[in-house]
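Asker: Dock chain R against chain U, hints included.
As a plain string of letters, each chain reads:
Protein chains: 2
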Amino acid sequence: MPDATQAIPRDVRMQGFAQRASVDEALEWVGLHSKICAAENIPLDAAYGRILAASFISPADDPPVDTAVSNGYALRSCETVGASSYNPLSFHLQDNHSALEPFSATLVTSGTPLPMGADAVVPYELTQSGTETIDVIGSVAQGEGVNLKGQEVRKGTTLIETPRPLLASDVGLISSFGIRQLRVIRRPLVRIILTGRKSPEGYELADANGPMLRALVVRDGGSVEICQYGITDRNALSEWMTRPGADLILVCGRTGTGPDDEAPLAVTAAGTLSIHGIAMRPGGSTGLGVVGEIPVVLLPGSPLDCLCAYDLLAGKLIRNLSGCSLRAPYRIRQARLGRKIVSSIGTMEICQVRLFAGEAIPLGDANLGGLASVVRADGFIFIPASLEGYAPGAIVDIHLYDKADEAEDLSR
Amino acid sequence: MPDATQAIPRDVRMQGFAQRASVDEALEWVGLHSKICAAENIPLDAAYGRILAASFISPADDPPVDTAVSNGYALRSCETVGASSYNPLSFHLQDNHSALEPFSATLVTSGTPLPMGADAVVPYELTQSGTETIDVIGSVAQGEGVNLKGQEVRKGTTLIETPRPLLASDVGLISSFGIRQLRVIRRPLVRIILTGRKSPEGYELADANGPMLRALVVRDGGSVEICQYGITDRNALSEWMTRPGADLILVCGRTGTGPDDEAPLAVTAAGTLSIHGIAMRPGGSTGLGVVGEIPVVLLPGSPLDCLCAYDLLAGKLIRNLSGCSLRAPYRIRQARLGRKIVSSIGTMEICQVRLFAGEAIPLGDANLGGLASVVRADGFIFIPASLEGYAPGAIVDIHLYDKADEAEDLSR
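Quick note, the sequences are listed as chains U and R, same order.
Add 774 to a position in the first sequence, counting from 1, and you land on the number used in this note's numbering.
Add 774 to a position in the second sequence, counting from 1, and you land on the number used in this note's numbering.
If we strip away everything but chain U, and leave its shape as in the complex, we get (with noise of 0.2 Å):
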């Protein structure tokens, strides 16, 4: 398998990183390990938000045969000219679906078959009942309340172009030919290892990472294979690496410069380190491999180092295994920014911004403020490697966080 890098990523413990692998690179690796999952069958109620394996082509037309579009009397409409409130048009009131007889209606109710003969229906509120009989006080043209065969959707008129999540709407359409198992993209199964926080001296540090990884991989369309604690070890790292059942492996923490980040070690002993190091902040630690045939994403422990490493490769990788590369998780909205940001060149930096008055203000250095940044902002933008930063009033796109819906009153 070709590696987008040429150099062989070396031990940075206690030495630092002598070079790092660009954005571009990193991308380019998760492009060339993003193989998608094969498709499964599922039952119809559970198909909302999954990726079809395949177009969805019609099997039928639909409506099957004629039918009312709303409830009232199915006639000839050629037979209602003239019918006014001054001059009503007696029918004789059919009971039976056959063949309409002259001058006969039929009582049908929305989304029944027309009986032979009806071209249209009459809605009862242009018609007086009697019990054998009913008066016609208006008159209806050709087609009117009818839904002709075929009108909506003709057999093999292709209905849904995969790959994209399936709406209600779409498994409501499925659902009308009488279809109850779909043919989907298997969801990737992602197995996260988790070394933990280090407290040397006692302090309790709570985990961050366990449950926002999972949230992450539920949002991105993966699922959750087994999330494992406190492994630290670099045989156990490496075990937990080459047992099969997952399509992904996330290991957080233990990736850095310290003496007991065994996590790069480990993959290089089970597999093939890629890349370690990545120009980014934060996340400059990441690193990238395979065990198997398994790519590995070495996640920094540092909380919002794992997000922004986890949202620029990870979540990327797991969307493209799930079938579904387009389905971005942040909406992107232009903006002015308040004031300058300052960034290093040749380092893609990630800024927590907050939006005031339609303007984008950072939200401090990268490196610090840690979730609680995340937490604070509004969104985020990028300073690409090749740039110093931005001038106050530059055009920015912001990757919202859209935490406070607008308020979108369906009433209007």
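Please keep in mind that the hints were generated in silico from the structure rather than gathered at the bench.
For clarity, every value in this text was computed on a predicted model and none was experimentally measured.
Watch out, some of these pointers could steer you wrong.
For identical chains, the list gives no copy identity; a pair is met inside one copy or between any two copies.
Listed next, the in silico DSSO-like pairs over lysine-lysine satisfying Cα-Cα at most 27 Å (straight line) [as the list claims (entries may be wrong)]:
no.	residue 1	residue 2
1	Lys-1177	Lys-1114
2	Lys-1114	Lys-929
3	Lys-809	Lys-929
4	Lys-809	Lys-1114
5	Lys-923	Lys-809
6	Lys-929	Lys-1177
Answerer: Here is chain R on its own, set in the frame of chain U:
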């Protein structure tokens, strides 16, 4: 309980609607019956997307003590003044975390507490290590590489204001305080009763509404209590409305003017039918009532009518009950109309549109096309009851289905 309308709905069977409530009256009714569900405790791992019962206030400083941002050696910054590769300064390597001796340094890793006396962390890159000493080859400023106690979060700060769905980063931040259980608004339990499609002549017309409504309820933060098919009898419908356990009852089908449209009468028998017939298209036969304390929404059986009535009224009610009234299911984008739309004064119409070259093209008649028109559309627009339609070139609000998410590449 006050009613939005004065008039008591009459039996419309075989007669038609003499009058209909306005959409505003229907929405006012929804507002009056939107009692937020009670709170419940859930494990943090299930909290993604849920609504906190109360705003989350930081229970502690984060970090709880001064900690290292990155790996390296903690020391006194003033002792590094003048250090360079031409003038390496030697520090004693102290291998415990007691108070730091003068000209000593302690190995620290990202996230670990600093020893007493240290005020900076020098990264490995600026050191050359021996066995009992290190040489520092660059000076560091006070606070460099240090995350001060409470720098990310001060105890008592409001971090997450409710109501909004929790993001993965929120879950991570809450977890970092060692919290493993959260108090959230209970998901409203929604009972779905389907009368089933009528196929008098033996045509097997499959149900579209059940799977669609299941998906819609989940989308809007509800939970399906039960989804029961084939209830058509008035007494049976009343009985299903009376049975306890649900926060909201949706009855689908048998709402119109046909002789067997018993759903409104079943509400009257079991409770109060407040509104039957709404001046909207599709969805004109929608009904609203109360049985016991529980709101009942009668949705038309035609799938497109069902979807529109659900989106306008039932979905809003579910979002209100779930405590998150602002979570809108559709993004709104403005666009120019590429063709005129004709609409009836006095009736709010919902028109499916496709976007071609940035212009919104209406997809035929509001009542025809069924779910297939939704599946073919990019979104829909509302034409208010006060308008006869829109001229070509009018700027309209498109409620987007977001099927083909724009490729929002995170790598930029």
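Asker: Taking the hints in turn, state whether each one holds.
Answerer: We went through each hint and held it up to the structure:
no.: 1; hint: Lys-1177 to Lys-1114; result: within (25 Å within a copy, 36 Å between copies)
no.: 2; hint: Lys-1114 to Lys-929; result: neither (58 Å within a copy, 30 Å between copies)
no.: 3; hint: Lys-809 to Lys-929; result: neither (33 Å within a copy, 45 Å between copies)
no.: 4; hint: Lys-809 to Lys-1114; result: neither (41 Å within a copy, 46 Å between copies)
no.: 5; hint: Lys-923 to Lys-809; result: neither (42 Å within a copy, 44 Å between copies)
no.: 6; hint: Lys-929 to Lys-1177; result: between (43 Å within a copy, 22 Å between copies)
Hint compliance for this structure: hints 2, 3, 4, 5 are not met, and every other hint is.
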